[in-house]
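**Student:** Take a look at the letters that make up each chain.
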Amino acid sequence: MAKLSIENKIENLNKLAEFIENFGEEHELSPKNIFELNLILDELITNIISYAYEDDSDHIIELDINKEKDELKIQLIDDGKEFNPLEKEEVKLDEDLDERKIGGLGIHIVKEKTDEIKYKRESNKNILMLKKKLK
Amino acid sequence: MEIIIDKTETLTEIKLAGRLDSNTSQKLETELIDLINSSSENILVNLDELNYISSSGLRVFLLAAKSLDAKGMRLKLCGMKNYIKEVFDIAGFSSIFDIYESKQKVNSEV
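Residue numbers (the numbering used here), protein chains in the order written: chain A, 137 to 271; chain B, 330 to 439.
Pulled a few chain A residues facing chain B out of the computed Cβ check, cut under 7 Å:
1. Leu149
2. Phe171
3. Glu179
4. Thr182
5. Leu233
Derived lysine to aspartate or glutamate pairs resembling EDC-like cross-links, with alpha carbons at most 20 Å apart:
6. A:Lys168 <-> B:Glu378
7. B:Lys410 <-> A:Glu157
8. B:Lys395 <-> A:Glu231
9. A:Lys271 <-> B:Glu415
10. A:Lys209 <-> A:Asp251
11. B:Lys395 <-> A:Asp232
12. A:Lys271 <-> B:Asp418
13. A:Lys228 <-> B:Glu415
14. A:Lys237 <-> B:Asp418
None of these hints come from the bench; they were simulated from the model. All values reported here derive from a predicted model rather than from experimental measurement. Note that CB positions come from ideal geometry on N, CA and C, so glycine has one too.
Could you build the full structure based on these sequences and the hints that come with them?
**Tutor:** Given below as structure tokens:
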């Protein structure tokens, strides 16, 4: 089990990248799996940092990653406002350049790159549980 | 992330190296929009040395493609690693840009 607590600042994405690099080396993940794990968590954490907090104080986002056989189990906890990414409207991918929207792509990428996502709200915290099969 | 700009008479090439995420996308956005506004040549973004991209990076390319489109031009991208190309595919972006395997492939078509 590997744990990382990061403050809600975008520059901390570098700490996330370093953490995942180390986790990947330790568990002998392929470069593609390391990239995808980083991407999933980057998208989710960027969303949290950008939209979850309505004050200017510091908040801690907690990340746990567990490797069980050929599967990663990930838990992400934040104390921001209630947000269930699974309820977000799906982006339209077949629109022409003119109509393509900028937002919503991050969550779409997360859904594509994970095998299971569960959300719950508990004691004023968002808890996201993800599973990703290693291929 | 490093951004290197190489201008010739017929082509403006932007080489990106390192990580393109929400930390670095603003820097690219500023450079790219500046270049689009100031040049009438084709713009090629060379991703040979790019190791990472998130949706923040895709967002910048979409913005750039839209500004170019208004001038009747398309954004050309080359040198994507396979796992980066996959992100473009997932986002449904592969059809809105001109994507080339390598710079050589671009030159043979331009």
